[in-house]
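Q: Residue numbers (full-length UniProt numbering), protein chains in the order written: chain Z, 1 to 529; chain U, 1 to 529.
Quick caveat, the hints were computed from the structure, so don't treat them as lab data. Keep in mind that the hints are not guaranteed to be accurate.
Straight-line Cα separation of at most 30 Å, DSSO-like style, residue types lysine-lysine; simulated pairs [what the hints assert, rightly or not]: (1) U/K446 - Z/K139; (2) Z/K515 - U/K437; (3) Z/K250 - U/K250; (4) U/K287 - Z/K139; (5) U/K515 - Z/K437; (6) Z/K139 - U/K68; (7) U/K139 - Z/K437; (8) U/K437 - Z/K206; (9) Z/K139 - U/K437; (10) U/K515 - Z/K446; (11) Z/K243 - U/K250; (12) Z/K437 - U/K206; (13) U/K287 - U/K437; (14) U/K437 - U/K387; (15) Z/K250 - U/K446; (16) Z/K139 - U/K279; (17) U/K446 - Z/K68; (18) Z/K68 - U/K437.
Listed below, chain by chain, are the residues.
2 protein chains.
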Amino acid sequence: MRISGDIYYQGEWHKGESEGYQALDPASGKSLEPVMSAASEVQVDTAAQAAAEAFAEYRNTSLTERAKFLRCCADEIMNLGEALTDRVSAETGYPTARAEGERARTCGQLRMFADYIESGDHLDARIDTAQPDRQPLPKPDLRYVNQALGPVAVFGVANFPLAFSVAGGDTASALAAGCPVVVKSHPSHPGTSELVGRAMATAAEKSGMPAGVFSLLRGDNAVGARLVQAPQIKAVGFTGSFKGGMALHKLANERPDPIPVFAEMSSVNPLVLLPEALKDSAETIAKGFVGSMTMGTGQFCVKPGLVLALEGAELEAFLNAASEQLQQTDAGVMLNEGICSSYDKGLTGYLNQDFVQVLAQGREAQSEQGFHARPTLLRTRAEDFLKHPEIHDELFGPASLVVVCKDSNQLRSVLDTLDGQLSGTIHSTQEELAHHKALVDLLTAKVGRLVINGFPTGVEVCPSMMHGGPFPASTDARFTSVGTAAIQRFLRPVCFQNFPEPLLPDALRDSNPLKLTRVVNGTLSQEAL
Amino acid sequence: MRISGDIYYQGEWHKGESEGYQALDPASGKSLEPVMSAASEVQVDTAAQAAAEAFAEYRNTSLTERAKFLRCCADEIMNLGEALTDRVSAETGYPTARAEGERARTCGQLRMFADYIESGDHLDARIDTAQPDRQPLPKPDLRYVNQALGPVAVFGVANFPLAFSVAGGDTASALAAGCPVVVKSHPSHPGTSELVGRAMATAAEKSGMPAGVFSLLRGDNAVGARLVQAPQIKAVGFTGSFKGGMALHKLANERPDPIPVFAEMSSVNPLVLLPEALKDSAETIAKGFVGSMTMGTGQFCVKPGLVLALEGAELEAFLNAASEQLQQTDAGVMLNEGICSSYDKGLTGYLNQDFVQVLAQGREAQSEQGFHARPTLLRTRAEDFLKHPEIHDELFGPASLVVVCKDSNQLRSVLDTLDGQLSGTIHSTQEELAHHKALVDLLTAKVGRLVINGFPTGVEVCPSMMHGGPFPASTDARFTSVGTAAIQRFLRPVCFQNFPEPLLPDALRDSNPLKLTRVVNGTLSQEAL
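Can you make the complete structure from the sequences, with help from the hints?
A: Following this line, the structure appears as C-alpha cells:
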C-alpha cells in the first residue's frame, strides 16, 4: 500500500495544509519517503467537528455492530502485511520480530475489546425496581447503564508504534465504548501511522460506520494542543513523557469545560532485591534484570530503572553477574534523535556526580550514523540517593541505577521518597517476603502493579492488568490504559427514572435481551425481571 | 450535648486558632451561641498529616471492621437526639420533619455503605491465572483488586446540613473505601457540623479506629484552599456553587501532583412538557411542579428551573393551574444571607428584561427579619431564550422559567443550547414519547438522570442512582455523588503479578474467603479457584 503523506478526516484523505517533513530511519539517520503533510488549525477543528457529528450516530450503534467494526480493524491491519512491519522497522529501528509481536498485540487488543463489549459487562447495568407503597415516600423505578462519554483525542507514543498508537489500546477502548476517536499520530513514525490509519478507514467504511468515527492527524505540538482544546473533544488518552502529559493536562483543565486527560507518563519501576533471593539465584536474576533493562533499548515505560538492595556478599555476586552480562550486550538503536540526546544528556548528568559510579557498560555502537545508546549500569549509596533528588527521575533508555542500602530501614526510607510508579518488583523467597510486610505495604501504596520474582517489562493484556499508577506514573491512578478495564475511562453512567419499559435501552429492558449480568435490587442476576 | 465551637483533629478537640464567628438563625437573622472558632493554616496542615498517618492503618482495616465503624457512626448520630434536629432547624430554617428526614437519609447512607462494602462488590476483584506453557511467552498469574486512594477532603454544603455535610454521602463513601476524611464544614451550620463531628469522633474511638481517620475543620475559603493544597490529600468531594467548585478544581489541578475534584455544581434541570401529557393531566402536573420547584425554598440542586413546552391551549391550562398553585404558596426561609441576596439579585436580573414576564408569585414574607424568598414563575419565548444566554444559568431558589416553543424543532434547539445537567425530565404519554426519539436521545446526552412523568427532586439513594452529569453539572460526568457507585471515586486498582498465594489480600486468595463475586479468567465466579 502506498504511503501518501496525507491525513484523514470526514471520511476522506486530505493533503495537510501545514508544512510537512520526512521521517528518519533511526538506525541510519537517513530520511524516509515521502514528505508527510501536517494538519492546519482549521483541519484539526474540522476533524473534531466530524467526530462530534459521528458521535450522535456511533453512540447508538449496537454492541454487535461495534464489535464487528473492531474485528474488521484488526483484519485490515493484518491485510497490510509486510508493508506494515517493514515500515515499523524502518521508522523505529525495531527488529521484525518486535514489529510482528506488537502487531499481534494490537490486533489482539482490538479483538479483545470486541469480545468484551459483546459480553456487555462494561455497561454496568443496574436496576432498582419501584416500590409504590413505600413509606414515607414511594420509591421510583431506577435503571442505570453506562453510555459513551464523547469524542476522544488519542496521542500516539514513540515507543509503541502500533500498540499505543493509531489503533492501540486507547483507540480500541474508546471505539469499544462508543466514542469516535481523533488520533494525533506520533511524528517519529508517520508512515506506520498512515498505513494503520488506512486500515482503520477501510474498516470503518466496510462496517458502515459514520464518517468521522475515526480521524488521523499529524503535526507538531500545536496540532495536539488545538485538538485538546477543541470543544467537541471530551477526553484525552496519552502515553509519553512527563512534560508532554502535563502540558496536555494543563490545557485540558484550563478549558471552559475541563475534560479528563489519561496520561501515562513517568516511572522508574523500583526493583527490590532481598538477600535470600540473591543467595539462591543471583545469576538468574542478574540475567533477567539485564534483559529487562536493555529490552527495546530500554525504551519501555516499565523498564526497571532503579534497583534497591542491601549491602553484602549476595549483592556483590549479583552485581558481578549483571555487569558481566551487560558488557556482552550491544548498543541499541533509539527511536529518534530527541530520545537519544535526552538519554545521553541524562546519563552524562549521572556520570558527573562523584557519588555515582559506573558498574558496567555494554558495547559501543558500531556505526556513527543514526541514534544509538550504550547500556549502562550505575551504582550509588542510599545516603547519597536520599540527599540528591536530581538522580530520582526516570532516565528513558537502557540505564539503571543500583542503590545500596545498609539495612531494611534505610531501604524503606529510599522507597518512601519515591513518587508514584507504574510498577514495583520484589525478588525474595516466600519466607523472606512474609517477614517484610511493611515493605510490601509501602510498595503497594506507591504502585499500580506489584511483581514478585519477575520483571516489570511485558505488560499482559487482560482483565486483571493495571497499567497506570499514583502520580506521576499517570495523571489519574484510578485508571489503567491496558486491559479490559481501560474502557472505563470513556464511559459515564446515565440513570433512567420511571422510564416506559418498552422504550428503555436494551441493556435495561425487563426481558434482558442482551443476556447481561445486571445488579437487580442490589444483587447480581442474569435473569429477566 | 454541648456545642463548644471547637474543631477536631488528631483524635482531639481543639480551639481553632483563627478568628471565630457566630451562626445565624436565617428565619430571624439572630445570632446563635456559641462563638465558633476557625482553623489556622497550621491546624489544617496538622489535620492533613494526621489523616495521612491514619491512612497507613485505616486502609488495611478489614471490611467488617470498617462496616462496624460506619454503623456506629449512624448510631451515634441518632444518639444526638433532638439536640441535632433542633440545631439543624435553628441554623437552616428547615422544619423538624425535614431535619428528621435528612437525618434518616444520612444514617441510611452510612448503613448502606456498611452493607455494600461487606458484599465486597466495590473491590472489583479479578484473577487471571498463569499459563506457564503459553507460546511465544508464558502468561503470569495476575490479580487485580481496588484499594483506597488516600485521604479525602470533604466540603459540607449549605442546603444539606446532614446528608451532604460532615457525615454525608462523600464522607460515608470515602470512609467505606478505606480513605480517612478531613471535613471542611459549611459556615452556615457550624453547630450542626460540630454535633455530627462529635458523633463521628465517638464512633471512631469506640470502633478502635486510628486518630486522624476523621477530622472536622471550620473556617473561610482560605481554610478550604489550604486543605485542597495539602500534599497528603488525594481527592476532594464538593457540592455547592459553580464558582466554589471551579475554584477548588483549579487549585487541585495546579498542585505539583494534581488530584481529582468531584464537584457537583450547577444545573437548571430542564422539564419538558409534551402536549398529550398536558391534555391528560395539566392540573396534576402543575401541582407536582410547583411542589418540586418550591420544596426546601427551591434550594435543591435538582430543582426544575427551566420548563420547555409547546405553545397552545394545553400549555396555557398548565400555566394557569401552576400560577394559581404558586399564588397560594408562602415565601420560604433561605439558608443564609448570601444565598438570599444572590436569589434576589438574580431574580431582579430576570425581571429587568423586557422579554421575561412574571406569570405568578407566591405570598410575600410575613417577617422583615431573617432571609426570605418569594417563589416566582417566569415566562419567555424560545427565540428570546436562544438570543439571551444571560437567562440560561441556574437561579438557586424558588424560581423557574417557562420557555414557550413554537414547535418540536424549536424545543430541540433550546435543549441543544443547554449545558450538561444533573437531571432532565419529560412529561408525556408513552405513545408521545415513542414519537420523540430524537428529543429523548438529545436529552439523554445532556444529563446524568432522565425522569419520565415525575419530578427531579427526591434523589433516591440506591445502586442505580446517578447524581452527577456532564459539565458544569459536575466536574466529572463519570461519577455519582449519591448511591453505592459513589465509592468508585475513592478507589484505585492494584495488580499483583506472580504474588505468593498465601500472602495475597483476602479478596484475591484462591479459597475466596470473602465469598466475593470475582472475574476469573474473564468470567464472573463466586467459587474458590
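Q: Now, for every hint given, state plainly whether the structure supports it.
A: Verification of the hints:
Taking the CA atoms of U/K446 and Z/K139, the gap is about 24 Å. The hint holds against a cut of 30 Å. Of the supplied pair hints, the one linking Z/K515 and U/K437 holds, its CA atoms being roughly 24 Å apart against a limit of 30 Å. Taking the CA atoms of Z/K250 and U/K250, the gap is near 10 Å; set against the 30 Å cutoff, the hint holds. A threshold of 30 Å between alpha carbons decides the hint, and for U/K287 with Z/K139 the separation of about 19 Å falls inside it, so the pair holds.
The straight-line distance between the Cα atoms of U/K515 and Z/K437 is roughly 24 Å, inside the 30 Å bound, and the hint therefore holds. Taking the CA atoms of Z/K139 and U/K68, the gap is near 27 Å; set against the 30 Å cutoff, the hint holds. Straight-line distance between C-alpha atoms of U/K139 and Z/K437 comes to about 26 Å, which keeps the hinted pair within the 30 Å bound. The suggested pairing of U/K437 with Z/K206 holds, with an alpha-carbon distance near 27 Å, which does not exceed 30 Å.
A threshold of 30 Å between alpha carbons decides the hint, and for Z/K139 with U/K437 the separation of about 26 Å falls inside it, so the pair holds. With a CA separation close to 28 Å, the supplied pair U/K515 and Z/K446 stays within the 30 Å bound. At roughly 19 Å between alpha-carbon atoms, Z/K243 and U/K250 fall within 30 Å of each other, so this suggested pair holds. Under the criterion of a C-alpha separation no larger than 30 Å, the hint pairing Z/K437 with U/K206 is consistent with the structure, at around 27 Å.
Restraint check: the Cα-Cα separation between U/K287 and U/K437 comes to about 27 Å, which is no more than 30 Å; the hinted pair holds. This hinted pair checks out: U/K437 and U/K387 have alpha carbons roughly 26 Å apart, not beyond 30 Å. As the CA atoms of Z/K250 and U/K446 are separated by approximately 25 Å, the hinted pair is consistent with the 30 Å bound. Between Z/K139 and U/K279 the alpha-carbon distance is near 26 Å, which keeps this suggested pair within the 30 Å criterion.
In summary, the hint linking U/K446 to Z/K68 is supported, as the alpha carbons are separated by about 28 Å, within the 30 Å threshold. With a C-alpha separation of about 26 Å, the suggested pairing of Z/K68 with U/K437 holds against the 30 Å cut-off.
In summary, this structure violates none of the numbered hints.
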